[in-house]
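Per our numbering, numbering through the sequence shown is continuous, rising by one, with the last residue being 219.
I should point out that these hints are in silico values taken from the structure, not numbers from a laboratory.
No incorrect hints appear here.
20 Å max Cα-Cα, derived SDA-like pairs, lysine to any residue:
(1) Lys27 x Asp185
(2) Lys27 x Lys178
(3) Lys27 x Gly40
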Amino acid sequence: MSQRSPLPSGTPVPETDCLSALRRTTKESHAQLDASLPLGRADASLEDYRHHTLALSAWLTALQPHLAALESLVPGFDFARSARLHALHADWLATHTAPAQAEDGFGDISGCTQEMAAQAFSAFGAPGHAAVCWGLAYVVEGSQLGGQFLYQRLAPRFAPHPLRYLQGLGAGTGLRWKHFTRLLDTHVQSHFDIQAACAGARAGFDGLRQQLQGQGVLA
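Produce the complete structure using the sequences and hints provided.
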């Protein structure tokens with residue numbers, strides 16, 4: 001990726017290591033989200049998970065086009081894994097006892113996430129700047145690691161619900177993350193692109209937080 005325009009005025013220059021820069025720029029948002037998620041509480045319920053799947057589905061659906069855009073740059077890595085949305089849908093259905101109402105509200109697209117992503121792209125001069133897409137992908141891929149942690153805590157309590165989405169790739173989740181971070185540092189290297197990726201990551205977190213708040217998942 002080439003640097004095509006200067007950094008926005010007042011924007012700090014991040015580290016030359018993209019992964020470190022992304023961790024730094026999202027550290028506070030990550031901590032706040034983890035602390036406020038109902039699924040992280042000791043009294044988390046299956047009803048909490050039902051609302052969680054609804055919000056995550058809308059968020060991921062909004063991000064799918066940006067994740068898919070990376071697949072032409074990195075053939076062989078399934079950034080927009082459709083299995084994630086299928087798992088969320090199956091988990092959503094499994095939380096209902098009345099099939100007739102199971103589809104109510106599922107399949108929405110997160111407008112706030114679309115808006116946050118659009119602002120990040122606009123700030124860096126291109127509607128599909130690949131580095132912004134890498135930042136969005138960082139949040140999605142990282143959320144799978146968080147899902148593994150929640151799965152280990154919640155699976156015994158919520159059994160026999162399979163928690164397909166949280167389970168993800170199981171032991172393969174960590175391997176996928178390592179593969180992703182290697183690709184990230186290979187493809188996002190200039191100061192400009194790292195800053196664009198950071199904007200994408202912030203947009204990913206902000207969109208998720210707003211979606212969770214909008215559906216009453218967060219206070």
